[in-house]
Amino acid sequence: MAKGGDVSIPLASVFSEFGGAIEFLFKAQPSDLDPNTKVGGVSEMLGLLLNHVALSGAAVAIGTAIAIPLGLYLGHHGKGEFAAINASNVGRAIPTLVLLTVFIAYIGVGFVPIMLALALLALPPVLTNTWVAARQVERETVDAARGMGMTDSQIIQRVELPLSLPTIFAGIRVAAVNVVATATIAPLGSVDSLGTPIISGNVYGADGRLGAAIAVSVLTLAVSGALAALQRAITPKGLKMGAEKPRRRFSPNLRRRETATP
Amino acid sequence: MKALKTPLAILAALLLALGLAACGKDEKKEKGGGAGSQQSSSGPPIEKVPGAESKPTITIGSKNFTEQYILGNIYASALKAAGFKVKTSLDLGSEVVAYKALKQGEISAYPEYTGTALTAFFKVPVLKVPKEPAPAFEQVKTRLAKQQITALPTTPFENTFRLALSKQKAQEIGNPKTTSELKGKTADLKISGFPECKKRVDCLLGVEKTYGLKFGGFVASEEKYDVIENGSADVIFGFTTDGELTTGKYVTVDDDKKLFPPYNVSLLMRNETFKEIGPEGQKVIENVQKPLTEKIMGELNSRVDLDKQEPEKVASDYLREAGFTK
Amino acid sequence: MTLAQVQIQKREGGTCEANNGFCPDWIADNLDRYVDPFLQHVFLTVTSVAIGFVIAFALALLAHRKRWLLPPLSASSQILYGIPSVALFLLLLPITGRGSVTGLIALVSYTLIFVFVNVTTGLDGVPKDSVDAARGMGLTERQLLWRVEVPLALPEIFAGLRIATTTTVGLAALAFFAGAGGLGEEITRDKGFQSNIAVAGGLAVLLALVLDLLILSVQRVMTPWRRAAM
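Chains as they are written, first to last, in my numbering: chain U, 1161 to 1422; chain G, 6 to 331; chain Z, 26 to 255.
Calculated directly from the structure, the hints in this document are not laboratory data. Quick reminder that beta carbons are idealized off the backbone N, C-alpha and C, glycines included. Treat each hint with caution, since some may be false.
Unchecked claim - Facing chain U, according to a computed beta carbon distance under 7 Å, are these residues of chain Z, among others:
no., residue
1, L105
2, V151
3, L231
To be verified - Restricting the straight-line Cα-Cα distance to at most 30 Å, the calculated cross-link-like pairs of lysine-lysine (DSS-like) are:
no., chain 1, residue 1, chain 2, residue 2
4, U, K1198, G, K295
5, G, K85, U, K1198
6, G, K105, U, K1187
7, U, K1198, G, K262
8, G, K300, Z, K91
9, G, K295, U, K1187
10, G, K108, U, K1187
11, Z, K35, G, K182
12, U, K1187, G, K92
13, G, K254, Z, K35
14, Z, K35, G, K174
15, G, K108, G, K295
16, Z, K91, G, K318
17, G, K203, G, K136
18, U, K1198, G, K151
19, G, K85, G, K182
20, G, K128, U, K1187
21, G, K300, G, K136
22, G, K136, U, K1198
23, G, K204, U, K1198
24, G, K190, G, K204
25, G, K219, U, K1198
26, U, K1198, G, K331
27, U, K1198, G, K263
28, G, K133, U, K1198
29, G, K174, G, K151
30, U, K1198, G, K203
31, G, K331, Z, K35
32, U, K1198, G, K254
33, G, K172, Z, K35
34, G, K214, U, K1187
35, Z, K35, G, K295
Could you put together the complete structure from these sequences and hints?
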């Protein structure tokens, strides 16, 4: 460690802290609390990672499974505008910590309650986007389909859904990133995730906490990036976001503002 | 500015309510109720130690659970009443963090358990720690002296681990009185403890090895008795002074093989602080912890965990009720 | 000499709070413990949004003129958005230490994202005709910006401000990881206690809603020509 030189000492300690954190991720180390037991290392982190992904995946799946049909139905019939648009606003006003702890205090701990809380978190972005996208499908297209004899549900499935996919997917992306990020505090509800070394700080130590922070950031960024790439891949060429002509009743600003885009 | 009226009104109402609440603090009704008061030696009222204000500020730390918050506040308030300048740095973390803070001078003192000090700081194997409180304390004192840390005399109470179950569960498995009697009956039982318990020899690991018990699963939780209540676990690692144990809903089993070392509390203090507070300050500390029997500590813990009072208030109430302050 | 009397309560019954329920009496008695955390929370939110807004607005104005700045700035915000708040608080600890400052740094960073995106989008959304007309009338670039573009972009800018504010209230609930206090600290202190969650959580949600309404009202005042979308 360099003596003197005011800048180098703090810098060195910052580097060593991050170095220790990264080392924690790859090499199992003796726990602070009991030298005979090991914490950290690749296999434990992989286990936590798997749990984290499983928890997030289940939550997004359930949230989406409810939000898409609901959004399509309401959007097609032009109902529920207030609820659909403001679902995201209300969702934003509730801190994720509060959402989780309400479930913990009023429902219980464990995988199911926490997963349901996260599913509730995933719902608003997908619902809002689905609704707006369904509403934005051009009148002419819907009329043509009706003229061809399609029933309402057929129209929803074969016309509005495919045309809404890119916007819906954008919503799923937001939901997924939010859920993966929030799953970091799932251990508050006794569910293991990559956030476990952060919440159970005593066992894993400062290195564990910092290491987990790095791991969870990498995961969230990876998920965000992967979904963005996926979105670009599935968007049909003629339908890239912004190419749709908005319906008369909505100002262009509404669409940009109300659909959840990171 | 008509549009601003509604949100401003709500905000004003909110602030008003909070303001009233903050002012109404002193008018709280006294909690009557409850039988029995524990009579114990009344401490002499704390007197100001001459010259205390000129001494450097003392920082009292604590670990991060209820009993520690209460003890930290008791010591801090007592020293404050004696005229010293005191700061608190409670909720440091585990003993590892607290000990490091103590050694590095970030805090001047914190309360530690004799058994924990020996096993955690000096790596004495759990089964080699003296089983009696006095020799255990002597060892702690000697070893810490080498680190320029003074271990003050211990509290009367000991707070050790006790496996606890609900009354029904205990009945189901034949009302065991000791941990040995649990043998063979735990295969279907889930046991819960702090997350670090799973990996500690003075917790789950030790219990499994020493008593040959095999549990149906370990549930990591910061909550103790809640997990029994909501069915996530059947057995938990409770503390002898836990507030919940005073409710009569739970049954604890004896540590008949004496796995767990003694866990009396000793305020660990840096040598220079020990000198600063002088013999009068030392006497204050020793006096203020004398009434702390297992029953009274349990009562104080209950006030925080069951009555949901704040540790600071519980500590100052204790000092008043025990006659140390007015 | 009086004997010390430490009152030992009879606890066989099990009170409302011992069972972690929703207890109005307890809440009324203990409301004062939430005052400081609430004020800390307000401070964290308002300060970080104010600072973040100023910085993001300035950056967006800059990027509006110098278009080459847009991709890198947008990319950085995307990356920052992908870091969970808890992680950011912890990652800053070794660098900026524990305390409000670290909390503010993280919260300002998240505010930047929302405000920057919305200011940029708002300015871009100004109809080209208006810009041309203004130029035709002889307005300087500066006048164009402040008398035409910004006013027309206001709805979008306000939307970004509202999103940033409500989101920041939520993120500030986790600021205790950086040692910055706030309502989150009270929440996690006893997360299984329904009364605690109701009060601390309720206060946080209330704060978000009130601030949102406040900004909406200011928006209505400043843009009376547009019916602001709820």
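### Message
Check the structure against each numbered hint from earlier and tell me which ones fail, lowest number first.
### Response
Failing hints, ascending: 1, 2, 3, 4, 5, 8, 9, 12, 16, 19, 26, 29 and 32.
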